[in-house]
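Asker: This is what each chain is made of:
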Amino acid sequence: MNILYFEFLKLRKKSRGWLGPILVFILIMTAFPLTVEFLNEDLEQAFFSILWIAVLLVMMLATEDIFLEDFNDGSLEQLVIHTESLSFVIGVKILIYWALIGIPVSVIGSIYCLGITSSYEMALLIFPVLLISSYIFLNLFCFGNSLTLTKGSVLGTLITMPLLLPLLVVLGKVVIAINLGLNYFDFLILLLGVLSIIIVTIPLIISFVIRAHLE
Amino acid sequence: MTMTYLIQAENLSYKINEKKLFQNISFEVNANSALHITGSNGSGKTTLLRIILGISKPTRGSIETNLTSDMCYLGHKNALKQYLTVEDNLILQSIQHNKPLDTLLKDIDLYDKLDVVVSNLSFGQQKKIALLKVFLNESELLVLDEPCVGLDGKAQTFLTSFLQEELGKNKSIIFSSHINLNIDAKSINLDN
Chain G
1 MNILYFEFLK LRKKSRGWLG PILVFILIMT AFPLTVEFLN EDLEQAFFSI
51 LWIAVLLVMM LATEDIFLED FNDGSLEQLV IHTESLSFVI GVKILIYWAL
101 IGIPVSVIGS IYCLGITSSY EMALLIFPVL LISSYIFLNL FCFGNSLTLT
151 KGSVLGTLIT MPLLLPLLVV LGKVVIAINL GLNYFDFLIL LLGVLSIIIV
201 TIPLIISFVI RAHLE
Chain X
1001 MTMTYLIQAE NLSYKINEKK LFQNISFEVN ANSALHITGS NGSGKTTLLR
1051 IILGISKPTR GSIETNLTSD MCYLGHKNAL KQYLTVEDNL ILQSIQHNKP
1101 LDTLLKDIDL YDKLDVVVSN LSFGQQKKIA LLKVFLNESE LLVLDEPCVG
1151 LDGKAQTFLT SFLQEELGKN KSIIFSSHIN LNIDAKSINL DN
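Same order as they appear, the protein sequences are chains G and X.
The letter at position 2 of the first sequence is residue 2 when you use my numbering, and the numbering goes up by one with no holes.
The letter at position 155 of the second sequence is residue 1155 when you use my numbering, and the numbering goes up by one with no holes.
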């Protein structure tokens, strides 16, 4: 419980770490209508593509130095030598990032969705997809950043990108499914299935990668 | 009666890029005992401590541990969050030590610093906070890498008396230091 509170405190006190990505998300979602014709149909057409890319970018920004600070100040060494599972702590860390960044971004994304599509149903259906996809993005970017812990986040992002592309394809299909009223829950279960695998395996893999870095 | 060891190392060697850092180092650390690792800069003191902690692996040799609890480690990096207060940085420490936190803070001249953000403290004060985590720890083995760096005379004296006291409580200590800490300890020199 202490580790959960400590990780929460760490992120909360670093407003740059959580507020920055949320503001970037708001900026993208507010600015994109200015660059296209002010016809609602045009906005709707581009909206979901912009939404998914914005979520992806924000999660990338949020996880940029997720392990670097702990590596530089010696906290990771302390975590490795204690019997409390490193993968558990990493899982907690990702969960806190999701709670402070992923959930607000999902709520704001749904509000924008309501504003653009004027459909409560669409906004309600998009919300769980946003929640799940932001958590998956966070996990994958954390994995990429752990691989290149001391080499900068750009390389980590490049490594992660191929893993994210199939998810973007699925997210595009979810919007089509909602519009056509088909298979929405099938896609949701698929995304939940992916998340349930990732939520267990990624922290475990990251813990091995971090141990290798420290060695 | 055979004494059970906490740490037993046999013929430890470590190479970095084909350069031998140290070789054939053997030692045993039992309960209530201390081990002082000495050596010149770059002789591998920190690396040896990291091998003991299980963070690094030796190139050759073996190390066995017989511990019932986690080790407590203070390295060159203090593991302090610069943007958090001293109190926040101590959240993960279980405050169950015989000595209350207030007394310990007084002993190291940090009584009024609990609410201060760590980045506003001097290097020496930050080192004291890192040591405070050691003081509050209940591990049976303390591993300290250059614990005296940045400490004033009073804090060094307190650290020495604390470690001597811990040795009497069935605890063991492994430390590297260029300064002689005046505690009863076996010594190994990595330059030899």
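Worth flagging that the hints you see were computed from the coordinates, not collected in a lab.
Just so you know, not all the hints are guaranteed correct.
Under the rule of at most 20 Å between Cα atoms (straight-line distance), these lysine to any residue pairs were calculated in the SDA-like manner [claimed, not checked]:
hint, chain 1, residue 1, chain 2, residue 2
1, X, Lys1106, X, Ser1122
2, G, Lys14, X, Asp1112
3, G, Lys13, G, Ile50
4, X, Lys1077, G, Leu214
5, X, Lys1133, G, Ser207
6, X, Lys1057, G, Ser207
7, X, Lys1154, X, Asp1112
8, G, Lys14, X, Ile1091
9, G, Lys10, X, Lys1057
Asker: Compare the structure with each hint and give your call.
Answerer: Going through the hints against the structure:
1. For the given pair, lysine 1106(X) sits about 17 Å from serine 1122(X) by alpha-carbon distance, which is consistent with the 20 Å threshold.
2. Distance check on the hinted pair: lysine 14(G) and aspartate 1112(X) sit about 24 Å apart at the alpha-carbon level, beyond 20 Å; violated.
3. For the given pair, lysine 13(G) sits about 30 Å from isoleucine 50(G) by alpha-carbon distance, which is inconsistent with the 20 Å threshold.
4. A hinted pair counts as satisfied when its Cα atoms are at most 20 Å apart, and lysine 1077(X) with leucine 214(G) qualifies at roughly 13 Å.
5. Distance restraint check for lysine 1133(X) and serine 207(G): the Cα-Cα separation of roughly 24 Å exceeds the 20 Å cut-off, and the hinted pair is therefore not satisfied.
6. This hinted pair checks out: lysine 1057(X) and serine 207(G) have alpha carbons roughly 17 Å apart, not beyond 20 Å.
7. Taken as a hint, the lysine 1154(X) and aspartate 1112(X) pair is honoured in the structure, with Cα atoms around 17 Å apart against an allowance of 20 Å.
8. Taken as a hint, the lysine 14(G) and isoleucine 1091(X) pair is honoured in the structure, with Cα atoms around 17 Å apart against an allowance of 20 Å.
9. This hinted pair does not check out: lysine 10(G) and lysine 1057(X) have alpha carbons roughly 31 Å apart, beyond 20 Å.
Hints 2, 3, 5, 9 from the list above are not met by this structure, while the remaining hints are.
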